[in-house]
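A.B. asks: Go ahead and model the full structure; you've got the sequences and the hints to work with.
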Amino acid sequence: MSVTTEKTAQQTAQSLTLRDLVKTYASRGRESVTAVKGIDLDIEPGELVALLGPSGCGKTTTLRMIAGLETVTSGSIKIGDREISQLPAAKRGIGVGFESYALYPPLSVRDNLLYGLKARKVEGAEKMVASISDRLEMNELLDLRPAALSSGQKQRVALARALVRNPPVLLLDEPLSHLDASARNRVRRELKVLQREFGYTTIVVTHDQVEALSLADRLAVMDGGVVQQFGTPDEVFDDPANLFVAEFVGEPQINVLPGVVRTQDGRVRVEIGSGAGTLDTSVAPASGIADGTRVTVGIRPQDAHVSSDGGAGIEATVAYFEHLLEFGLATSTVAGIEEGIVVQTPAEQDYQPEQRVTVTAAAERVYLFDADTGERLR
Amino acid sequence: MATITVTNIGKTYGKDVTAVDDISFDVADGEFFVILGPSGAGKTTTLKSIAGLVDVDKGAVSIGGVDVTSVEPYHRNVAMAFESYALYPQKTVAENLASPLKSGRTGKYSDADQAKRIDQVTTTLGINHLKNRLPRELSNGQRQRVALGRVLVRPADVYLLDEPLSHLDAKLRAAMRAELKQLGAMSNTTTIYVTHDYQEALALGDRIAVMRNGRLMQIGTPEEIWRRPADTFVARSLGQPEINLLDGVVDEGRIRLGDGSLDVPVPADAPVQRGDRVRVGLRPCDLHVTSDEGSLRGRVVLAERLGRNIELTVDVAGAQLIALTSGRHGVGEGDAVTLRIAESDIHVFTPGDGDTSRLGDKTLEAVQ
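In order, the protein sequence lines correspond to chains A and B.
If you read the first sequence in the working numbering, its first letter stands for residue 1, the second for the next number, and so on.
If you read the second sequence in the working numbering, its first letter stands for residue 1001, the second for the next number, and so on.
None of these hints come from the bench; they were simulated from the model.
Some hints here could point you the wrong way.
So the derived label-pair ranges between C-beta atoms look like this [unchecked claim]: (1) A:Ala363 - B:Gly1334: 30 to 38 Å; (2) B:Lys1131 - A:Arg145: 50 to 58 Å; (3) B:Arg1236 - A:Asp291: 51 to 59 Å; (4) A:Ala347 - B:Arg1236: 14 to 22 Å; (5) A:Arg145 - B:Asp1355: 22 to 30 Å; (6) A:Ser177 - B:Lys1058: 34 to 42 Å.
Quantities reported herein were computed from a predicted structural model and do not represent experimental measurements.
Heads up, the beta-carbon is just placed ideally off N, CA and C, and yes, glycines get one too.
C.D. replies: Okay, here's the thing in structure tokens:
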């Protein structure tokens, strides 16, 4: 398929609104478990939102509640103005694509697409299949069996099956997880272009932060049954709401170091290690953060630099250096702290163990978090 | 410490499943040698052939200059770690680590010696605090580290490691990678390390052997296989996103790509003539967005964040090029951009479908 960005009419796209959505699993004689603890999300018509988080964060339970595969303990789910949380799954008008393609191997692609429609005795099923096949440019696949399809083609068939009834909302559970790295990138781009082209309001559940960042218009980072941050990829990556989000998103993972706030000359700096130096931060002096406050400092390896001009920064000693051809990773130790600091270095640079370096970072890329709660200090 | 020589080994399972097809390579004393390839490439069979856990159909394996092809695994003095970890469920981590030292096959260790070796390994692997736990009280990643520790705790001529980091999360994997490299450098034990993760291979390997369908495609230093991939398979095996491959035709010192309105220079070492059909490989990380004039002009179709980097899908003269930018250029979807690539970063391959070989510069350590 060629990648295009032409948009067709979005007559089917509708908003999806979650209000204080809760799911508690109660079983007799045991303590009840609340998997989803009051989620609010406002998803715009045609928007692609990723639910991102580690296993057990509540993202799949949330998806299953929207699909109607789990009952809702309390709260509301609306498509447009229509409350659907109490409707049976089949009446919600939602297309669902699961982690595995779940295609029937003995059936042709056409029969796979027809199967669900015929089971529901939908009128005009053949026409609906022809229409979605046209739109997804997969007419040449209709007579093939699943075994003859590439992974990308299988993905497209699974998508076609979720879309065949022209649902206003599409839910996809780990749609790329079983593809190898090369196919995953390609299918991801295809999925994004198709979603744009047809303008379906789409929710994708994933545990893969690169997938969420690259695919989504906005992402909801979840942990412990709660949305930790809901924002665009830029907001989540560059302006993390708390330490969990900062650590979960980004690879190599963000450096997390203990620090002490030093306020002077109306600026908020942070000292790292014992006498190793300070870094400027973009925390406003008006924030009222006191001199001497112990904080947790987050600096992404890609945002940390080895200073060449010997300017202000953190004095460190290279412990080991890995050259990965695309870039290097210098892991350095800082006097007075146990944690090493990882700096991603340009491909043309080389470092040696024991080399003394000064590590710097732009003030707006030095994140401070409350040492106890992990909340971002601004 | 020992050299390893593998000569023309082959292994077929059943009637017609060829796992390893006529493979030869030498590993130097103390070298950290990585075998990289996708699943089914024959990496593990190769490793097991060296360990003696697979009887090869043909060929020979020598360790330290001694032909061990028909020697029992027990007597080869190799220590092997598997992707799946076999630990004694009823023994603590410390007891599990002590057991290879108690077997007596590599000499006797006093209690103090044992404690010292175990301590060194648990410190390196970051499992000091787990010494008194039972395997069932560990996470998968912790179990994998203990299993690796069982291998590293006893001195051996050769360490054979099969995807030892595969169950670890990304952060731990990166940290362990660096630790392992240090450990390898310290102990100076010849190590063969199997992985499907190209970053692991680049980070760890003194040399890397790339395998596919039971065959060796290329052996070289990380730098060599990155800069001079022997074919499009090796080129595609390294780097994410994958290398761009475009068909082209040579014309007056340039290679015309796509519909012909796009071209790149012919690299100095490529033996091609006007009119030759070729395939051109351009790595996404080597394509730079520039404000200068250039021949790679196109329109951004997709701009996707991969973290600090932005992955651009650029429509250039009817072809789609993937490029990586640092994200500080402020390039958005729909924007017109010019891409620049250094001549030394242009890879030229023979034309055709499937994987094809590199043109020119055969200074590589040739494989077969």
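A.B. asks: None of the hints should be skipped; say for each whether it holds.
C.D. replies: Structure-based check of all given hints:
1. Roughly 32 Å separates the CB atoms of Ala363 of chain A and Gly1334 of chain B, a value that falls within the hinted 30 to 38 Å.
2. Between Lys1131 of chain B and Arg145 of chain A the beta carbons are some 54 Å apart, a value that agrees with the proposed interval 50 to 58 Å.
3. At roughly 54 Å, the beta carbons of Arg1236 of chain B and Asp291 of chain A sit within the given window of 51 to 59 Å.
4. For the pair Ala347 of chain A and Arg1236 of chain B, the supplied restraint of 14 to 22 Å holds, since their beta-carbon distance comes to about 20 Å.
5. Between Arg145 of chain A and Asp1355 of chain B the CB atoms are about 27 Å apart, so this pair conforms to the stated range of 22 to 30 Å.
6. Distance hint check: the CB atoms of Ser177 of chain A and Lys1058 of chain B are about 40 Å apart, consistent with the given range 34 to 42 Å.
This entry satisfies every hint, going by the numbered hints stated previously.
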